[in-house]
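A.B. asks: Each chain, letter by letter, is given below.
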Amino acid sequence: MNSHNNVESSPPLLTLDHLKKYYPIRKGILNRIVDNVKAVDGVNLSIFPGETLGLVGESGCGKSTIGRSIVGLEKPTEGRILFDGKDIAGLSTGEMISLRSQLQIVFQDPYSSLNPRKRVSELLAEPLKVHRIVPDKDVSKEVDRLLDIVGLPKNSRNRFPHEFSGGQRQRIGIARALSLKPRLIVCDEPVSALDVSIQAQVLNLLKDLQKEFNLTYLFIAHGLGAVRYISDRIAVMYLGKIVEIGTTKEIFENPQHPYTRALLDAFPVTNPRLRNRKKTVLQGDVPSPVNPPMGCRFHTRCPQARAECQEREPELVGDGLHSVACYFPNE
Amino acid sequence: MFNYVMRRILIALPVLFGVTIINFIIMRMAPGNPVDMLVNPKLPAAALEAKKIELGLNAPAYEQYWNWLTNVFQGNLGYSMITYQSVGKMIGEHMGPTLLLMGISLILGILIAIPLGVLSATKQYSKLDYFAVTGSFLGISIPNFFLALGLIYVFSLHYKILPSGGMTELGGSGGFMDVLVHLILPVIVLTANVAGRNIRYVRSSMLEIMGQDYLRTARAKGLREFLVVNKHAMRNALIPIVTVLGMEIPILFGGAVVIEQIFSWPGIGQMTMSAILSRDYSMIMGLNLVAACIVIAANLITDIAYALVDPRIKNSYQGAAAK
Amino acid sequence: MNLDKNSNAGQDEPLIEWDAGSSLEGETSSSKLFIRRFKKHKLAVIGIFVISILALCALFAPWLVPYNPNTITDSFSSAPSSQHLLGTDQIGRDQLSRLIYAARISLSVGIGAILISAVIGTILGLVSGYYGGWIDSIIMRVTDVFMSFPYIMLILVVASIVGPGLTNIILILGFLGWPSVARLVRGNVLSIKETDYVKASVVLGFRTPRILFMHILPNTIAPILIYATSGVAGAILDEAALSFLGLGVQPPTPSWGNMLASAQSLTVLTSQPWLWVPPGVMIILCVLSINFIGDALRDALDPKNKK
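Chains as they are written, first to last, in this note's numbering: chain Y, 2 to 332; chain C, 100 to 422; chain V, 19 to 325.
Watch out, some of these pointers could steer you wrong.
To be verified - No more than 35 Å apart at the CA atoms, straight line, and that leaves these computed lysine-lysine pairs for DSBU-like:
| id | chain 1 | residue 1 | chain 2 | residue 2 |
| --- | --- | --- | --- | --- |
| 1 | C | Lys320 | C | Lys330 |
| 2 | V | Lys50 | Y | Lys21 |
| 3 | V | Lys211 | Y | Lys119 |
| 4 | V | Lys211 | Y | Lys182 |
Hints listed in this document are in silico derivations from the structure and should not be mistaken for laboratory results.
Small disclaimer: the values here were computed from a predicted structure and weren't measured.
Please build the complete structure, drawing on both the sequences and the hints.
C.D. replies: Okay, here's the thing in structure tokens:
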């Protein structure tokens, strides 16, 4: 698949430019905004055509908010979302509709992402008809083709979502996203609700589809397992910021940020010889995204925090292969 | 808590405003003019004309509305088109009997509904449960005027043990016992309604709570069933019932109109009916406005009471105040 | 990995006993479940039976009645006899015939009024819940305003202004009954609009009316249906009360409510029970049956119910 050496060769398909998403907290008699939950607090990120960018972090770090902002489910508070060089962050719903087909999403929970009252054929045919992807007479054929692409038998078309297993439902969700022939698909933890044995099947499906249709993925996950398998590059998020980004190889073999190392250490190691190395185990809880800590956001839990870390926030620095936001990386 | 109360009042104000607007619109639809209704028709013709011009009879609707509203806020609800008396004064005089009737029925109805609902939930599918649920269905399905007629037929006409109407006997003492005897039949009708509506509500609220994990925990740790039901379940089940009280008030007002009419109970319900039959629009609108204000006030009190008994609301606002 | 292998991947998870022939199984099995749950409610089954008979009577009234309901026969206020099974009223009309015709009135008021308020309430509730913000605030405050007036009092007032009569009653009950539907639908929409399948429709670029009416509405039908059932019962009661008070359906058109109004006279109440007991019993039977059906619907459509 796309390796890191061609990552910088073409212009990015999608760029997040200082993206911020604050959720106001309203209090008091007049419902005044007293504070903000800073779910995403200034994120810069580029996704290149044909690659899979993994986005990991604990729950509540803002990774899903990024995904939802890209597909237009959230309106960013600040910053730009450049898709093919065009800012789509400020677009109204009407203007967005024409772009929808290019940006799709696969949701985490396959049980709530399919309308329980519609048959599979209706679920897949509706977007085809609304956007006139194929002529009306070919809709049925196209539905069969989509089912075939995601590995579901033709006779599933007349069934309701509740008749399928979680993995099969997720395949339907993927087929629905594919129906509009998108260029970028946000995969919002698409396998974390599935049984482990099914996860690999769905991941393989996603990989194959990427190759066949030249798709670009933003793959969101809270653990590194699935991400390592599918991603070309990985971005690690903590409290609304990206703390480290690099190729999958770099992140796994040469993690720089103490938070990334802690995440890796929480990941079970298959090689018994490596099991004895010193592990970074995180202490304490994630601070509130309402009042993130001064300086480096991670300093409250960082095993090697120093005075400097509490004063100024480190910038994300590095090259196209690997960047990190830490004053004392890899210590 | 203070914040919460203030916010509730701020929400109630536009509703009150809306009520006056709707009231005004209905009055404009009615024959006669709302501003017209504010003037005492007993005034001499010339003074009447002057007064009408002062009130802006020929002014545009919004100005008329404003004049009417300021009058209402000064306590002038207008004058009856039939008896020429002040509407506000008449409502005041008739409010007592209605509140007495509604109050007793509401309290009795709730006092029946809560224990029956709780028992029927704890003994689901028992004879008592079937009895309570069937009774509750009857309570909401029998038209109150039909029940009233049936009661009058049995107790007043057949057995002749209870009076068929009025609040006191003509020429009677007007004392406590006299009123009490006259209260029995109308109270039975309204109570049957209140209890009927609420038994099933209490029961399902209780059933839902009984299935919660924390009650299973309470049982698992060996707590006696009596304590489980009375201490743990009932407290949580009865909180939503507070809100029912707010919903009962407007329904009771409606019931009072029908029931007071049948039992010749001298309250505002009967007044409403005779005002409607004699097309006394200034009286009707005054009554409507007063009733709506009472409902708004009842809802406000209910919401505040709810916040007082539900620690979740109280705490969320205390947290906000502390911040 | 090649695509042929991938296209078989779905079969890694066994597709339980599938064959193309039983493609409607999903629908039939859920409706079977619905019927099974509904049947558990014995009183509701009786209720369905009673309402069906009443509906048939109402539909075929002209062929069923022994006399024209408005024809004045020569016996006044006569007690039930073989000629007049339920007797005759003060001006000599056959009571049974009037009772059967009145079923038409009650059922059409009940259904007509609820149809109007369900349509208004559903649209306002959908819009209010989906858009939120100031649109929601305005619609909900208006709802509050309407709910602040005691319902029966408001109906009486409006009826006295626009005048009584069958059509007016249906319109009044319909146009004043929407606030509770609106609140109910809004509450449901608030939770449904947060589901991923609605979010998915947004991402798929569907326009808002399509999302509201094709995706959210079908998922709120169950609570609306349950509410509408008890609403029909309520509207029948309201019509009866209104007609009883003389502001509803006007004689000579027979309605159970205005037939009961005759009992306001002491002679009728004491010595002619055939004039007021039967219409009262009919109202109770009808309203009780509908309420039982509503209760069974609630049991059967409640997703939390696993019986």
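A.B. asks: So, for every hint listed, does it hold in this structure?
C.D. replies: Structure-based check of all given hints:
Restraint check for Lys320(C) and Lys330(C): the C-alpha separation of about 14 Å stays at or below 35 Å, so the hint holds. Simply put, Lys50(V) and Lys21(Y) have alpha-carbon atoms about 51 Å apart, too far for the 35 Å limit, and the pair is violated. Simply put, Lys211(V) and Lys119(Y) have alpha-carbon atoms about 16 Å apart, close enough for the 35 Å limit, and the pair holds. Restraint check: the Cα-Cα separation between Lys211(V) and Lys182(Y) comes to about 25 Å, which is no more than 35 Å; the hinted pair holds.
Hint violations for this structure: number 2 only, all remaining hints satisfied.
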